[in-house]
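Residue numbers (the numbering used here), protein chains in the order written: chain C, 80 to 597; chain G, 27 to 185.
Check the hints yourself; a few may be wrong.
[As the list claims (entries may be wrong)] If you anchor each label on the Cβ, the simulated ranges turn out as follows:
hint, chain 1, residue 1, chain 2, residue 2, range
1, G, G132, C, E513, 20 to 28 angstroms
2, C, P546, G, L80, 49 to 57 angstroms
3, C, A235, G, A45, 36 to 44 angstroms
4, C, E173, G, T177, 37 to 45 angstroms
Don't read these hints as lab results, they were simulated from the structure. Virtual Cβ for every residue (Gly too), placed ideally from N, Cα, C.
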Amino acid sequence: MTVKIYVPRDAAALALGAEKVAKAIAQEIVARGLDAEIVRNGSRGMFWLEPLVEIEVTGKRIGYGPVKAMDVPALFDAGMLSGGGHPLCLGEVEDLPFLKEQTRLTFARCGITDPLSLGDYEAHGGLAGLRRAVSMTPVEIVKEVTDSGLRGRGGAGFPTGIKWKTVLDASGERKYIVCNADEGDSGTFADRMIMEGDPFVLIEGMAIAGLATGATKGFVYTRSEYPHAIAVMSEAIGIARQAGILGPSVLGSGRAFDIEVRTGAGAYVCGEETALLNSLEGKRGIVRAKPPLPAHKGLFDCPTVINNVISLASVPVIMERGAAFYRDFGMGRSRGTIPLQIAGNVRYGGLYETAFGLSLGDIVDRIGGGTRTGRPVKAVQVGGPLGAYFPRALFDTPFDYESFAAKDGLIGHAGIVVFDDTADMLKQARFAMEFCAVESCGKCTPCRIGSTRGVETVDKIARGIEPEKNRVLLGDLCNTMKFGSLCALGGFTPYPVMSAMTHFPEDFVPAPVVEAAE
Amino acid sequence: MTIHIAEGDIAARTRSIVADLRSLEGPLLPILHQVQQEFGYVPQQALPVIAEELNLSRAEVHGVMTFYHDYRDHPAGRHVLKLCRAEACQSMGGDALAERIKALLGIDFHQTTLDGSVTLEAVYCLGLCACAPSAMLDGEVYGRLDDQLATELVAEARR
Numbered sequence: 080m081t082v083k084i085y086v087p088r089d090a091a092a093l094a095l096g097a098e099k100v101a102k103a104i105a106q107e108i109v110a111r112g113l114d115a116e117i118v119r120n121g122s123r124g125m126f127w128l129e130p131l132v133e134i135e136v137t138g139k140r141i142g143y144g145p146v147k148a149m150d151v152p153a154l155f156d157a158g159m160l161s162g163g164g165h166p167l168c169l170g171e172v173e174d175l176p177f178l179k180e181q182t183r184l185t186f187a188r189c190g191i192t193d194p195l196s197l198g199d200y201e202a203h204g205g206l207a208g209l210r211r212a213v214s215m216t217p218v219e220i221v222k223e224v225t226d227s228g229l230r231g232r233g234g235a236g237f238p239t240g241i242k243w244k245t246v247l248d249a250s251g252e253r254k255y256i257v258c259n260a261d262e263g264d265s266g267t268f269a270d271r272m273i274m275e276g277d278p279f280v281l282i283e284g285m286a287i288a289g290l291a292t293g294a295t296k297g298f299v300y301t302r303s304e305y306p307h308a309i310a311v312m313s314e315a316i317g318i319a320r321q322a323g324i325l326g327p328s329v330l331g332s333g334r335a336f337d338i339e340v341r342t343g344a345g346a347y348v349c350g351e352e353t354a355l356l357n358s359l360e361g362k363r364g365i366v367r368a369k370p371p372l373p374a375h376k377g378l379f380d381c382p383t384v385i386n387n388v389i390s391l392a393s394v395p396v397i398m399e400r401g402a403a404f405y406r407d408f409g410m411g412r413s414r415g416t417i418p419l420q421i422a423g424n425v426r427y428g429g430l431y432e433t434a435f436g437l438s439l440g441d442i443v444d445r446i447g448g449g450t451r452t453g454r455p456v457k458a459v460q461v462g463g464p465l466g467a468y469f470p471r472a473l474f475d476t477p478f479d480y481e482s483f484a485a486k487d488g489l490i491g492h493a494g495i496v497v498f499d500d501t502a503d504m505l506k507q508a509r510f511a512m513e514f515c516a517v518e519s520c521g522k523c524t525p526c527r528i529g530s531t532r533g534v535e536t537v538d539k540i541a542r543g544i545e546p547e548k549n550r551v552l553l554g555d556l557c558n559t560m561k562f563g564s565l566c567a568l569g570g571f572t573p574y575p576v577m578s579a580m581t582h583f584p585e586d587f588v589p590a591p592v593v594e595a596a597e
Numbered sequence: 027m028t029i030h031i032a033e034g035d036i037a038a039r040t041r042s043i044v045a046d047l048r049s050l051e052g053p054l055l056p057i058l059h060q061v062q063q064e065f066g067y068v069p070q071q072a073l074p075v076i077a078e079e080l081n082l083s084r085a086e087v088h089g090v091m092t093f094y095h096d097y098r099d100h101p102a103g104r105h106v107l108k109l110c111r112a113e114a115c116q117s118m119g120g121d122a123l124a125e126r127i128k129a130l131l132g133i134d135f136h137q138t139t140l141d142g143s144v145t146l147e148a149v150y151c152l153g154l155c156a157c158a159p160s161a162m163l164d165g166e167v168y169g170r171l172d173d174q175l176a177t178e179l180v181a182e183a184r185r
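Looking at chain G on its own, in the form it has when it is part of the complex (with noise of 0.2 angstroms):
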């Protein structure tokens, strides 16, 4: 999947965003998360922007843009299928779901599907240790999975 995004356009979304969260105390996480919601990623062309609103080198900017896992410097696929890997779901079967899972769609972790449908991220921990095998499609969160709801799940992404 590719998308064009025009790079003047890129730096005049990027000044828009900055000047809407530049009055926050330690604004560069707010920005770059809002940049990303903007983009679906933190777009290169979009660094020596922020850098230059903020009076910070472009080099700092970078450093705290890669310093954090949520932050891509790439599109992700359509849906981003996150499955977390923690103790918990570990204790539960969580390392043969997740060999399930990579199989059903045929890529490793931080990869995207072929036909850009989804991109499987790990995480650590959602919070649902009480009911793991745990999984956040989209932003909505699935416990207790099994075979049968892995399958239905990547289905549901893959659509």
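Here chain C stands alone, though its shape is the one from the complex (with noise of 0.2 angstroms):
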């Protein structure tokens, strides 16, 4: 029987040497004269073990990781292919504690399968969802997301059956949905990896959401940093297109819906939904001042789901389940699973999808391993580079929307950056503001302006300017970007800013002047 080798073709396996280890496989192949086949699958997302390359071996998957082109042909030689020891071997990979400990529920298949073979797709549970869909009415469909309790995962946490449902109510003679693939956030990688790794999951969610609401056509908006989740993408739309699972009649339903990606073009403020409707609409990405929602005057003025990859991607789950199943993970009014993403300066980076509640602490020392440097932790920012940082003093704040909101924090887009001791936090700071200058789309004063007064004002402090009339300035000036921007990014940006001033007040004192020797 051919023997199925697994190697990623995930960007960050790539990014560690996948294509080479894949090359070197199969060669080995061929040299020996095996049989076998290479699958490339998406990734785990345990990447200090990527690249990861997996064996089935009865009906078991046996991992060896990290491999380098050049450990191939002792692996080999080791009897990799009947899961032999070999000091790479991992054992069986479900095994593993940080795979085990996790409820994959939106990542069920990511890694698993291959992510363009439909049929894989359908063996693994795919497409249930979209069959139930089918079968009922765009109301009862709005409820079952409702009910589930799912919030949008973009960042701002809005329930995304209320979202469905104000569409569904609006008139309009077309109607679309949005998928925010505008994945910014410096610690995310939650998106990239779903529309590298399962694609047809987004698929089939934005097919869901078009019999939803009664949308016909689906943009995928994504980044031009992206180019290997554009190319996935892309290809396993045309596949469903082929499938019958778009197209004028979505699985013979005689609804029709379609989709296309499109990319952007290096804007941050693009992942702020009105100014992605902007640039799909070929204008400068520039927000919009609501009201209008764009769930009633979106994209071409018409009725607009806009969601985040990751909401529109726990859709099909929650339709497959039902609502009750989705809505018994978690806490509070923080539903479900997140996908937590591990990043930054940390041992055991990656992907881990969990039901919301546990401590942040517990998520950077014992799940993530700690620094990556072996120094101590000093900060985590979480939610981008518009989170907050926190410090270990807050570690055991549980992860939801409410107790992050509580801390003046957010959880964002669950990306979650280590800092050790080294960091700076007044460079971070700065940074902030930089940033925030550089990306601002300049439509509004407290953003456009008060972004590159503030990088200003940091500097002042930095150089011991009247420094403490400068911590005033700057907490002020950090108010009224809070209270008088209109998107998030104007709006946010004091996040990083005012934590790092709370919290590392230390970093905020000038150094003293050192004085000349002698």
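Put the complex together from the two separate chains, hints included.
Dropping the structure here:
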């Protein structure tokens, strides 16, 4: 029987040499005349083990990693194809603690299947949600999603079902589903992993959203920085169209839905939903004032659902297993699971999907294993460049929307970036302001000018120019940006700045001027 | 490095790109992407053509082209090296790495080496945050860069 060898094609695995490993394996197969095939799967999300090569042996997947191309001949010599022992052998992959303790609902197939095999997708539960949706009325689908408690995973946490209901109830000859795949936050890669590792789940989620709201056209708006995701997504859409999942009659329902991939052009602000819509229309990515809500007047002034990748990709499992199944995970008003992205200076970096409610310290110290450099953890930025820096003192904060808000933070898209004790928090605060200044769309004054003044003020503090007065000024400036900005770019930049100043005041004291010796 | 493209040629090739893509909903970004793909940058002479074909003002097209970081108004070097400068990469020594690469190339960000081989760009997140610091050379991704890998990458880019 042909042995299946899995070598990920996820961008992070490729960044760590997966392509060379796949080539080396292909060479060995030919040279040794073996009966084996290579499957290019997505990533399991354990990046310290990438490239992670897996062999299917009697229904089990045995892992080897991290594999370098030069390890390959020795792995074959050691009998890798029958799960043979070798220092890189990790045993059964599903048994690795990092995977075993997760609850994978949205990422259930990621890293397991061939991302472009529809047969693989269906064999692992794919399309069951869409098949059920086809048999339901739009009102019933919306109710199922509402009852699941799913909140927008892009960061704002708005209930997905309510958004869908608004679009369903809105009148319009044409309606759109827009997938916000403009994942620009540092520390986040869940959208990229889904698009590269399980694109059909996103297609299925968008098709369900179309059936639920009467939308016939969907756009996936993603980033030019993600060429691999764009390629896989585009290919998967073509396959889905061929199979009748997309097109004039979704799964023979007589209802039309199709999807197009659009590539951004390097503007962070286009992750903000109204800027994204302008960009899709071919305009400058400038935010729109709300109201009107996109649900009423969105893309080309038509009623539009705009959801993040993970929100949409979470819908198929809700439709398949029912609202109650999903809602039973989580805590408080944060229901279901959240794909944590553990990143930065961390030992076990990767994607960890789990129910809401783990403490931040548990995530960083236990799951993430502390810093990669081995030095003490100083700060953890949660929620991307607009998220707060948390000190160790706040490590007992449970991971959910409300608990983080209560500590002047946000979970955003659940990216977690760890810094060791060499981090200079004044420098990080300055970077936040500088990033906002560069990426501001320019529409509102607090964001456009406040961020530039912010950089200047932080610089004055660093140079010891009236530090006390300038710290007060910086706080005042942040307050203006927080409450006066039109969108989250200017409105949330105060989170990293103020948290850095509040929790790490020692870094905001100018270094004493060194007296010249002698 | 100088690229000579006749003006009439730019207009004709731009017109053909617009013809291919104008049926898209909101076609301007896809058109600009395609023009940049065709010429390696978005030539000034292409803008009035696009404006005329899409019935937009020239100012509108100029405004869109200059809003986005991706579009260049002049050709890049033969290779484009993008270095991630965002927080996750900062936490793994990305700043020091950037200084080293700048020194190796003898240029700053947004500049091209004198021999025209490499253009260095800053990028804010490649989604490789769990294997930081990271870079992209002509669309190929590289993670967990250290001094040695960075030196190899620069050598490869300069070839």
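Taking the hints in turn, this is what the structure says about them:
1. With their beta carbons about 25 angstroms apart, G132(G) and E513(C) fall inside the hinted range of 20 to 28 angstroms.
2. A hinted range of 49 to 57 angstroms for the beta carbons of P546(C) and L80(G) is consistent with their spacing of about 53 angstroms.
3. One distance hint, 36 to 44 angstroms for the beta-carbon pair A235(C) and A45(G), holds here, with the actual separation near 40 angstroms.
4. At about 39 angstroms, the beta-carbon gap between E173(C) and T177(G) stays in the expected band of 37 to 45 angstroms.
In the structure shown, no violation is registered for any of the earlier numbered hints.
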